[in-house]
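Peer 1: Here is what each chain is made of, one letter per residue.
Number of protein chains: 2
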Amino acid sequence: MTRSGEFHWISKYLAPLAGTGSFGLRDDAALIDVPAGKSVVVTQDAIASGIHFLPDTSLDLVARKAMRVNISDIVGKAALPHSYSLALGVPDDWQDADIASFASGLAEDQALYGIQLTGGDIYRSPDRLCIAVTMFALIDPARYKSRLGARAGDAIMVTGTIGDAALGLKVATGEIKADPTATDHLLNAYHLPDPPVATAIAGAIAQYASASMDISDGLIGDCRKLCAASNVGAILNRSKIPLSDAAAQRVSEDDGLWKSIYTGGDDYQVLCTMPASAKADFQNACASENVRATHVGDIKGAEFGSMALDIDGTPVSIEEDSFSHF
Amino acid sequence: MTRSGEFHWISKYLAPLAGTGSFGLRDDAALIDVPAGKSVVVTQDAIASGIHFLPDTSLDLVARKAMRVNISDIVGKAALPHSYSLALGVPDDWQDADIASFASGLAEDQALYGIQLTGGDIYRSPDRLCIAVTMFALIDPARYKSRLGARAGDAIMVTGTIGDAALGLKVATGEIKADPTATDHLLNAYHLPDPPVATAIAGAIAQYASASMDISDGLIGDCRKLCAASNVGAILNRSKIPLSDAAAQRVSEDDGLWKSIYTGGDDYQVLCTMPASAKADFQNACASENVRATHVGDIKGAEFGSMALDIDGTPVSIEEDSFSHF
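In order, the protein sequence lines correspond to chains A and B.
Positions in the first sequence are counted from 1; adding 16 to them yields the numbering used here.
Positions in the second sequence are counted from 1; adding 16 to them yields the numbering used here.
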């Protein structure tokens with residue numbers, strides 16, 4: 017394959033992804049039309065080769081992961097994704113086939129989530145692929161859910177299952193082994209996050225949650241951030257952490273993998289808190305979208321200290337509690 | 017200096033920069049409140065060490081350049097900057113003093129332009145500093161000015177002077193020499209773009225321009241992009257390109273530097289088109305903010321072909337017409 021320039025890449029591969037207000041990417045900015053009564057939710061997460069994904073990952077999957085880690089943030093705020101801007105740092109060895117593969121991943125997830133590209137930038141990043149996505153949503157600001165509202169006594173809820181991506185990374189690097197079905201499941205969880213994007217779930221978070229965020233840096237660490245923002249404590253019950261069959265099998269074989277489950281990161285599920293009385297309604301709303309919602313712990317008052325993990329009836333504190341790329 | 021973690025950096029150095037709706041960066045997203053009748057202008061430009069700035073550049077200047085290249089895009093749309101999101105790819109050798117210097121640059125320009133940080137991401141970029149800024153503005157969409165509306169007969173106007181940054185890069189790398197005053201002027205133009213951010217100028221672009229954009233990749237190349245988007249041709253008069261005293265002196269000594277002047281990039285001035293009848297009013301509005309506005313050429317019909325440069329009465333076409341980082 018040959019390599020053509022930045023402007024050819026934009027017009028051939030990215031312009032077809034542009035939405036209303038983006039002038040087919042022939043302008044250097046875009047307009048987001050905001051209906052009266054709505055505010056714009058903004059979030060921005062970046063991923064880099066060798067840091068957030070393995071360098072040999074298929075580029076369509078990398079593109080979809082870059083979008084989905086941001087969509088996950090939006091969902092955690094009780095919103096639905098609307099559009100996104102893309103800053104693409106391209107390594108020197110990229111060819112036309114690479115941008116084509118990357119753009120095909122963007123196109124696939126744009127169709128899946130009903131979102132459009134506003135614009136952005138392609139620039140040289142000689143050593144490694146860097147992708148910074150800024151994701152937008154439109155929301156009635158009264159429905160936006162921050163991390164700051166958790167109250168003592170609230171139930172801590174998580175969607176989906178926890179730890180699959182962390183174990184998937186260990187499978188990808190050969191650190192652990194699994195049977196073929198489990199291998200597929202865990203690798204897929206690592207490469208392609210699946211945040212619970214659905215009107216019913218966003219509506220239930222807006223209606224019932226006192227605080228909400230997505231889990232990206234590990235259940236324990238992110239719960240600690242929510243507690244710090246809300247000025248509360250929390251206790252999580254390890255035995256209640258929802259596991260896939262594949263993950264449950266791995267920890268049954270090696271108890272030491274538990275730590276990866278709750279500190280490993282890359283879950284991209286929702287962590288939210290709500291009065292216990294709202295739990296069943298929230299679970300029903302999630303179930304209507306075939307999403308599991310599990311009560312994994314409880315918010316405590318600030319006097320409780322920051323956080324504890326209850327392991328078979330024994331509360332312990334966890335030191336290295338959050339996955340960090342630093 | 018020691019190095020503390022991402023979350024400490026955010027709370028200590030970046031949280032003080034956060035605006036309304038950003039929850040002091042304690043949430044993982046932000047809300048932009050949009051008054052009825054306004055739309056959000058979005059633009060995103062990234063800069064990387066060794067590509068868009070010299071690796072030994074002071075980090076407060078790097079931060080300000082990252083902001084200003086985006087502010088320049090906003091100004092080119094007849095808008096004024098409102099807020100921005102920051103994806104900061106941090107090399108492994110950064111210490112607390114580095115983020116402190118970088119944040120001080122952000123703070124200085126936030127105060128200068130009256131803008132605030134919405135949030136963003138800090139991530140590992142082991143080999144080189146990468147900064148992707150997404151800049152927002154609020155605008156009545158009827159006032160937004162795209163690249164797409166230039167018409168045959170329109171005057172082509174530019175603000176400020178052209179080519180100083182391109183010559184500044186040559187001074188910085190030792191490729192050319194200048195007296196101390198000129199050296200300061202040219203280096204400063206390269207390190208610290210100075211887009212014409214002013215209500216009166218934005219208003220005049222909105223009122224008078226048929227098409228508008230900022231000049232970032234060189235006058236010739238960017239004018240060619242405007243022509244392509246508007247489906248018109250253009251002729252620029254080299255003798256009318258506004259030069260600073262420092263730049264005029266350099267080209268008087270070496271005629272070969274002309275090419276750097278009009279293809280070198282990093283000008284971050286406004287390029288806009290308007291009926292010749294509006295020229296004086298536009299120039300007066302710019303003059304009220306001490307900004308020069310110069311009539312450098314004219315829009316031609318599509319049949320003219322893409323673009324020509326008139327050099328002392330002889331129209332020539334320019335092959336390598338735009339600075340590209342690829």
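Keep in mind that the hints were calculated from the coordinates and are not lab data.
Check before you lean on any hint, since a few could be wrong.
In silico DSS-like pairs for lysine-lysine, Cα to Cα no more than 25 Å straight-line [as the list claims (entries may be wrong)]:
#1 A/Lys241 / A/Lys316
#2 A/Lys54 / B/Lys54
#3 A/Lys241 / A/Lys193
#4 A/Lys28 / B/Lys241
#5 B/Lys186 / B/Lys275
#6 A/Lys186 / A/Lys275
#7 B/Lys186 / B/Lys256
#8 A/Lys295 / A/Lys241
#9 A/Lys241 / B/Lys256
Peer 1: Out of the numbered hints, which ones does the structure contradict?
Peer 2: Structure breaks hints 3 and 9.
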